[in-house]
Amino acid sequence: MISGGILFAALGENPFEAIRIIFWDPLFDPNFASYSRPQLLVKAGPLILIAIGLSFGFKAGVWNIGAEGQYILGAIFGASVALAFYPMESKFIFPLMIIAGALGGFLWGLIPALLKAKLNTNEILVSLMLVYVAESILASVSQGLLKNPDGYGFPGSRNLQNYESAANVEIIANSGMHWGVLFAFITVIFSYIVLTKHIQGFNIQLTGQAPRASKFAGVNPTANIVFCLGISGALAGLAGMFEVSGPSGQITIEFNSGYGFTAIIVAFLGRLHPIGIFLSGLLIALTYIGGELAQLMLGLPGASIQLFQGMLLFFLLATDLFANYKVKIGADN
Amino acid sequence: MLEINGISKTYPGVIANSDISFNINTGEVHALLGENGAGKSTLVKIIYGLVKPDSGNLLLNGVPFRPGTPSEARKAGIAMVFQHFSLFEALSVAENISLGMDNPPNQRDLGKKIKSVSESYGLPIDPAKTVGELSVGERQRVEIIRCLLQNPKLLVMDEPTSVLTPQEVDILFKTLLKLRSEGTSILYISHKLEEIRKLCDTATILRLGKKVDTCTPEKTSTKKLAEMMVGSTIKAPEKLNKPAGQVMLNVDNICCVSKSQFGTSLTNVTFDLRQGEILGIGGVAGNGQDELFAVLSGEQFSQHGSISFNGINITKFNPNQRRKIGLLSAPEERLGHAAAPNMSLIENTLITAENSQNLVSLGFIDWKKSKAFADKVIKKFDVRTPGSQNTAGSLSGGNLQKFVIGREILQNPSVFIVNQPTWGVDAAAASSIRQALLTLSENGAAILVISQDLDELLEISDQFAALNGGALSRIEKTAELSMEQIGLMMGGAKDLEARNV
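Protein sequences appear in the order of chains A and B. So in numbering that gives the first Met the number 0 the end of the first sequence lands on 332, straight run, no missing numbers. So in numbering that gives the first Met the number 0 the end of the second sequence lands on 500, straight run, no missing numbers.
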């Protein structure tokens, strides 16, 4: 935070004011809080949902860097289901979209999983590259397949918020608490139980800590990779689906906003622990909103808040390093 | 020649050396005897300049000597052969030797020098060969030649015979005696008493970081030496001779390609394992032991041949399926293979006991049952730890090994495969582990023990066979074998005689 202050000072603003605007005003300033507090949940929901999924893989040493792509595919699958039924109204459409969203992300996550299990490819590269494939698909469908026929030729799908059966509405008005946020909370509890009480959670942690021991214990490595990438893909897909049917409303070329990458920071900031991820998700969401506010109030560049998030992760990793190793200056005899 | 005066060294929580003094004379083979953790390694590291003592001093030929680094120690004429070799497998013998030298000559001159040293000391070696192709005994020769090229006044050897066949040990001893006759002093570290009595002129015995005594090993009985080393009498495991029962495990003609580059593939391994019988598999490390264990535990599948358990074909069973029918195993590497170092002992029970102890129901872990099982292992096998919630990595080697072996034995295996059951374990724990194995076999289990410790195999096994280059020798009754026969089964001295000694 001090370095953040120095950064803001270097950008020519009063560091104390900048930090107050980012961390305090969104929650407590009477002018902004009414807008910002719901926004906090809106931003934190997908971050937590994706980060929980990633944490499974990270614990097992399966590095899914492509949550962004799985997020996009989840959104496209969910939106496609909705648009296929348009304009029919039915209470079954939304649950179907949830399943489709999860399935989309799951399938996209399955590609690096199967390649790794069968051909021993590197899941980091494959999942990352698939993000760019997903972005191209997104661009294509928003200008073609899913383009709004009544949209006067502009790229982008129909706005799902105007389609009652498919809209991801707020459960409590003006709280920001939409179905996706509720799902994120349920996922936190679910993953806490899996990791502490279930044998699958144990096997994941064993594989990450001692791969030879997990093989000796009879853990099937293929099943483990598929589970880790599959569940993180499915949760990222869900996040995308809730986003497209809720806050964003439509599939557009620039629909994805980097949640899939930021969630990596969230997962590590939360020490891969479900409760930690819950809290770090809220914190990072706060820096998003605070960052926007700072942009508005102080004219700070938008990239500076990303830099700030990056610094958070950097310092956390550095703390870990210094907690485990001692710096020695000069040769030791 | 070297005087050691009041050396003390304390690490956080342990006193490694406390006020140790003794002298090494010119042209003497001096034994440093003690159990694991008695402080032998620390003392040697101090002499070789790897560790600085807290107090005390060394006098080399009457001059104070305080090596700050190993290269200073080497300049003063001290050379050391470590227990674990520091050789690059992909480089040739000559390249490896030149890497350790301060001013290496060119490869051709060095090759000639290596040849002449190796011939005059009876250590045949080809300088152009790649180290990866050499046997363990030959690798040790490379390390010794590397030391001899420095013309050392004091040669330190850390447990040199633990990896050699009996014939190779004989060659080594001849070399050492020749060095002694030329006036080189040798500090010989070992816990093998017979060897020390045969080879050494003087022995200094360490226990718990303190010097217990200095004696002439020839004039001291093995029993007396052992008692001084351990501090109390050790009860040797008792062996009952019972007739073996029916065949429990039949291994027929298995072949398995090793997964590691310098590993040894198994070729046509065939044997039967009977109820109430312990089959000991000896052999020098790296002759297929790890591969044999992996094939039997189910971590690797053989490409050829079959394994059957009590008539069931289990060739393609994974480790868990084998556990379910009663074939359990305990690998050599405790940390990272048998147990996860950062997990508690309670969590570590789940690695192998998940099914037999019903620790998981409907996918959910029963932590109470797991804790109860961990506590039971700790109690029955005398594992010294503050509690089952401590991590596996926090236990000493011997205690963790007792936990690992106990975890399997308490599941009542009908076939038990164990690799190096007492590797790096102190004498008291080793003896209790061996006793546990004998008790298990008396209760009717069939046990396969893979070990490089010949004394251990002679003590507990009914049948003996050796692995040599991935092939299994004939199986013989242990009681009817002589040391020489065993040595030949292990591959002898790789057709190399002790020449020109």
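Hints are not guaranteed to be accurate.
What the hints assert, rightly or not - Label pairs and their in silico Cβ distance ranges: (1) B/Thr390 / A/Ile188: 21 to 31 Å; (2) B/Asn389 / A/Ile5: 39 to 49 Å; (3) A/Met310 / B/Gln434: 40 to 50 Å; (4) B/Phe87 / A/Leu118: 28 to 38 Å; (5) A/Leu281 / B/Ser70: 28 to 38 Å.
As the list claims (entries may be wrong) - Below, simulated DSBU-like cross-link-like pairs (lysine-lysine); rule was C-alpha separation at most 35 Å, straight line: (6) B/Lys323 / A/Lys117; (7) B/Lys51 / B/Lys74; (8) A/Lys58 / B/Lys379; (9) B/Lys177 / B/Lys258; (10) A/Lys196 / B/Lys368; (11) A/Lys58 / B/Lys367; (12) B/Lys173 / B/Lys44; (13) B/Lys258 / B/Lys218; (14) B/Lys222 / A/Lys58; (15) B/Lys378 / B/Lys323; (16) B/Lys258 / B/Lys223; (17) B/Lys375 / A/Lys196; (18) A/Lys58 / B/Lys370; (19) B/Lys315 / A/Lys117.
Keep in mind that the hints were calculated from the coordinates and are not lab data. Every value quoted in this text rests on a predicted model; they were computed, and no experiment measured them. Don't be surprised by glycine CBs; every beta carbon is placed ideally from N, CA and C.
Hints, verified against the model:
| no. | hint | in the structure |
| --- | --- | --- |
| 1 | B/Thr390 / A/Ile188: 21 to 31 Å | holds, 27 Å |
| 2 | B/Asn389 / A/Ile5: 39 to 49 Å | holds, 43 Å |
| 3 | A/Met310 / B/Gln434: 40 to 50 Å | violated, 59 Å |
| 4 | B/Phe87 / A/Leu118: 28 to 38 Å | holds, 31 Å |
| 5 | A/Leu281 / B/Ser70: 28 to 38 Å | violated, 56 Å |
| 6 | B/Lys323 / A/Lys117 | holds, 28 Å |
| 7 | B/Lys51 / B/Lys74 | holds, 17 Å |
| 8 | A/Lys58 / B/Lys379 | holds, 34 Å |
| 9 | B/Lys177 / B/Lys258 | violated, 41 Å |
| 10 | A/Lys196 / B/Lys368 | holds, 13 Å |
| 11 | A/Lys58 / B/Lys367 | holds, 24 Å |
| 12 | B/Lys173 / B/Lys44 | holds, 26 Å |
| 13 | B/Lys258 / B/Lys218 | violated, 49 Å |
| 14 | B/Lys222 / A/Lys58 | violated, 52 Å |
| 15 | B/Lys378 / B/Lys323 | holds, 25 Å |
| 16 | B/Lys258 / B/Lys223 | violated, 46 Å |
| 17 | B/Lys375 / A/Lys196 | holds, 22 Å |
| 18 | A/Lys58 / B/Lys370 | holds, 23 Å |
| 19 | B/Lys315 / A/Lys117 | holds, 19 Å |
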